[in-house]
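Dock chain R against chain D, hints included.
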Amino acid sequence: MTPHDVLRSLVVVAIPTLLIAACGGSRAPAPLPASDACLVTAASAAVDSASIVVTSPVNVQNAPRATTWGERFVFELANDSSARLDCRGRPAADAAGPYRIREAGRSTLLLEPIASARGPRLTIHSASEANARDLVDAGVDLLLTDSPKLAAYAGTRSDVTSLPLGWDRTWVVVTPRGSLAIDTSQGFRAGLARDAVRADARAAEGAYWWTDTTGCATPTARTAPAPVATHGVVYPRDDAVARALAERLVAIIGDRATAAGLAPNAFASALTSGAEQAYVFPLPRATRDRCRSIAELFRNTPWLGVQSAIVPLIDTRLRAVVRRDRLSLRFTWDSSVAIVAAHP
Amino acid sequence: MTFRSRLLIAFALAAVLPLGMLGVGVRRQLTARLVAQHQQRVEGMARVAGQDVERESASIASRLSTLASALRTDDRFRLAAVRGDVGERAYLLDWAGQAMRTTGLDMLQLQDSAGRIVSSGHFRNEFDRLEPELPRALALAKSAVLVRARAPEGPFLALVRADSVRVADRRFDLVGGVRVDSAFLQRFTREEGLHVTLVIPSQQARDPHRPDRGATLSTGSLRIPRLTARDDTAARNDSIVAELPIPYLTDSLTTARLVISYDIPELALLRRDVDQWFVAALVAVVAAGLALAIWLSRRLSEPLATLTHAASTIDLEGPELSVAASRDDEIGTLARRLGSMSTRLRASAARLRQAERRATVGDMARQVNHDIKNGLIPIRNVLRHLVQVQEQQPQELATVFAERRSTLESSVGYLDTLARNYARLTPRVERRAVDVNAIAAEVATSTAVVGTITVKTRLAEPAPRALGDPVVVRRIVDNLVRNAVESLDARGGDVTITTSRAQTGFVRIVIADTGRGMSEEELAHAFDDFFTTKPDGSGLGLSVVRRLTTDLNGSVRVESAPGKGTAFTIELPSCTPS
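Chains as they are written, first to last, in the numbering used here: chain D, 61 to 404; chain R, 875 to 1452.
Pulled out of the complex, with its shape left as it was, chain D reads as follows:
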């Protein structure tokens, strides 16, 4: 199990905490907003097909356990729309889908709604920033990216609306033995957000679900981490933000430290063993079931809590650039967006 599995499980299970995190409020149930308060954009007419670009790797072989935010977006489309919640935590009955994958190319997916479902056919491109610019210039209906530069470039088109989504992920560093002195100051974290990563980031802030174990059955017997195998700071290989943070930590730690990107399975194994110096990975800011997420986190890191600490570094968010009057989008509980099948 990787942190992405945790993420995935948290995404799948609906819980009212979604509303709290996505809308930036406290965990107490908030008064319901107006009926279209979660609506991002609205199209005057439904379209048969739409093209979407995500600047994140998408590997359908990983389904249903998403390892990147791009996979999380795509796999969510395959879920039953009745299980989805909007930003207020209410069922999003008008959400498009569920979808099935009709074709899966090297970087392009063709998705179509299952027989009883509504919604346009979707062509989803998983592209690098450079290729995404070409696709933007060619005209896409929706661009989801974590690159402010790309979003800014795409926003220069006159027929699009660019808007940031909610802060949805917190990037943490976990040191199994607490042997690395990580600066936890606001200034350090702000520096990381400003200089080290290229994503839309801020210093990590707010309350974190993993720090509140009230009412949750947390395991009492913890295992000590394995002896140090390397001097490495490891991160998920396809995660550019994690890589940038790990490299910055290595630069600060000194000569002997190295940064290493691991494949999803290798990262999960390394995380379970606790044999590395430090792990950098994202955790979702929102969870639908706090206790379940905490249990999942403890299961994936059996040594957590012995001498270790989870140090939040930065929060990040995605940006959506939408062609006007093509797609209707609605904020979801976890600060993402969902395609609306037909505007009510």
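Keep in mind that the hints were calculated from the coordinates and are not lab data. Heads up, the beta-carbon is just placed ideally off N, CA and C, and yes, glycines get one too. A hint or two may mislead.
What the hints assert, rightly or not - Where chain R lies over chain D, by a calculated footprint (3+ residues, C-beta under 8 Å):
| # | segment |
| --- | --- |
| 1 | 214-222 |
| 2 | 228-237 |
What the hints assert, rightly or not - Restraint-style ranges between C-beta atoms, simulated for each label pair:
| # | chain 1 | residue 1 | chain 2 | residue 2 | range |
| --- | --- | --- | --- | --- | --- |
| 3 | D | Asn119 | R | Thr947 | 40 to 46 Å |
| 4 | D | Thr290 | R | Ser987 | 23 to 29 Å |
| 5 | D | Val288 | R | Arg915 | 50 to 56 Å |
| 6 | D | Gly314 | R | Val1041 | 29 to 35 Å |
| 7 | R | Val1041 | D | Ser329 | 46 to 52 Å |
| 8 | R | Ala1057 | D | Ala323 | 20 to 26 Å |
| 9 | D | Thr290 | R | Asp949 | 41 to 47 Å |
Said to hold, decoys possible - A few chain D residues that face chain R, going by a derived Cβ cut-off under 7 Å, partial list only:
| # | residue |
| --- | --- |
| 10 | Arg160 |
| 11 | Ala164 |
| 12 | Glu307 |
| 13 | Val371 |
Same frame as chain D, now just chain R:
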């Protein structure tokens, strides 16, 4: 070691040594010529490699110069680096990466005048780290230098140069270069058989207490093999080596070496062919040599062995030696000489036997003469006594005769027994109880004494009885007493016959005199045949005593000192063991 083994070894050495020398010589000559042919070629390649490195260095310098020029007109760079515009900070941090990719460099670092990294291409997030030593050291080197560049995944080797630029009166240093890995080294291997390795000083080499052993270092994907020193080790390994020094910067400026080695496949083939022919010739020569050696050694050693056997069985009574005498070589000569010697030995042995017979007859005659004289002396003494009595006291003649009759009868009996023994030539020694007291008294009585000489007896009681022949015991005692009397000079003296029982189951008879005694030399030869100190002595008395004593399984020993007399001790087996 046998003659045959020596012959085999000699043949083997005689065959193998010249052949071995020939093989080694041919190999060395071939190697030397081929190595000489290729040495210049490899050194030329090393020069070309050096020019390639220089070209690469110039290329790096050119690219850094271009970047430095571009920086002077880069407004966003000025805003970020000079004015501290936060909005352009990301541009500044990404500048080195972009520039590195644009110029094809693998390593690029921009530092401010304090040595603080403001932008890094190969390690973007190492910004703000202080590394002022690198540009300073590079400025001193004035050429491309090998460094261990730090990257997030670990250090890598890079060939770097430095440049600087002034922007708004602030100095910025550019350090850039290319990665030195197996792909980099590959460019120098223009020919098949050419190997290029980079040897850099190890970490330990920097320890002043440890010598530089040229240890290997693994950097990034480049595993640098062990140094092959430039000596004739290379030639032995069928390769030629040349080296190119390259400055290497660690804590201080040292030297790494680009080692270019060239395999000479034809040398290996040639050596293999030579080795094969050498082994074949060696086998053939050794086989032929061994066969010849075996044949020759057999031909030589077989007659010798026969001759040896014949010599070991030479019998002076047997037939003449005739082995191999008909051969006309050295062995035949040896056999004939051996036969001649055998003939001479036979003649000598015959003469020796004849002389022995003559000597034995002479000895016997002397022995008989001696023994008869011993028997006649008491008779003559008695007769002289009787004549003296008849002339002076005729009336006592009958009484004296009666007194001395036993002496006459005893002497006559002794002579009779002696005559019978000699008649048998090999007298048989009897074994019966002998009263040594009686014999001692009889000898003391029968011994003629003159002047002040006295023969006394000191006899043990009861009388000890020895196991032996009475005649032989009498001869022993008689001889010793007569010797003792003859040893006394004109002043006279005593001869004492003492009998006793020895504690070891023997009967002891001691004949002691107060005569002149014997010197050590006389003592050493006392029992030798024909040794005598008397003008008319036969030299047989004591030797006869020893032989007779031995015949009775007894022993005789003598103690004497000049002027202190002599004592002979006879020990004979007792009839009644104690």
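Quiz item: Are 3 or more residues of the segment 214-222 of chain D near chain R, judged by a Cβ distance of less than 8 Å?
Solution: Result for this restraint: violated, n = 0.
Quiz item: Do the Cβ positions of Val1041(R) and Ser329(D) conform to the proposed distance bound of 46 to 52 Å?
Solution: holds, 49 Å
Self-check item: CB-CB spacing for Val1041(R) and Gly314(D) relative to the 29 to 35 Å hint
Solution: holds, 30 Å
Self-check item: When the least beta-carbon distance from Glu307(D) to chain R is tested against 7 Å, hint result
Solution: It holds, given that the least Cβ distance between Glu307(D) and chain R is near 4 Å, below 7 Å.
Quiz item: Is it true that Val288(D) and Arg915(R) lie within 50 to 56 Å of each other by Cβ?
Solution: With a Cβ separation near 51 Å, Val288(D) and Arg915(R) satisfy 50 to 56 Å, so the hint holds.
Quiz prompt | Hint validity - Arg160(D) Cβ closer than 7 Å to any chain R Cβ | solution = This hint is violated: Arg160(D) lies away from chain R, its Cβ roughly 40 Å from the closest one there, beyond 7 Å.
Quiz item: Range hint 41 to 47 Å: satisfied by the CB atoms of Thr290(D) and Asp949(R)?
Solution: This hint holds: roughly 43 Å between Cβ atoms.
Quiz item: Does the interface hint hold: is Val371(D) within less than 7 Å of chain R, judged Cβ to Cβ?
Solution: violated, 17 Å
Exercise. Examine the segment 228-237 of chain D for residues whose CB is less than 8 Å from any CB of chain R, and state whether their number is three or more.
Key: With 0 residues closer than 8 Å to chain R, the segment 228-237 of chain D misses the three-residue bar; violated.
Exercise. Given the hint of 23 to 29 Å, check if Thr290(D) and Ser987(R) actually sit that far apart at their C-beta atoms.
Key: violated, 36 Å
Exercise. Mind checking the hinted window 20 to 26 Å against the Cβ distance between Ala1057(R) and Ala323(D)?
Key: Roughly 25 Å apart at Cβ, these two residues keep to the hinted range, so it holds.
Exercise. For the range 40 to 46 Å, tell me whether the beta carbons of Asn119(D) and Thr947(R) fit it or not.
Key: Because 44 Å falls inside the window, the suggested range holds.
Of the numbered hints given earlier, the model fails hints 1, 2, 4, 10, 11, 13; all others are met.
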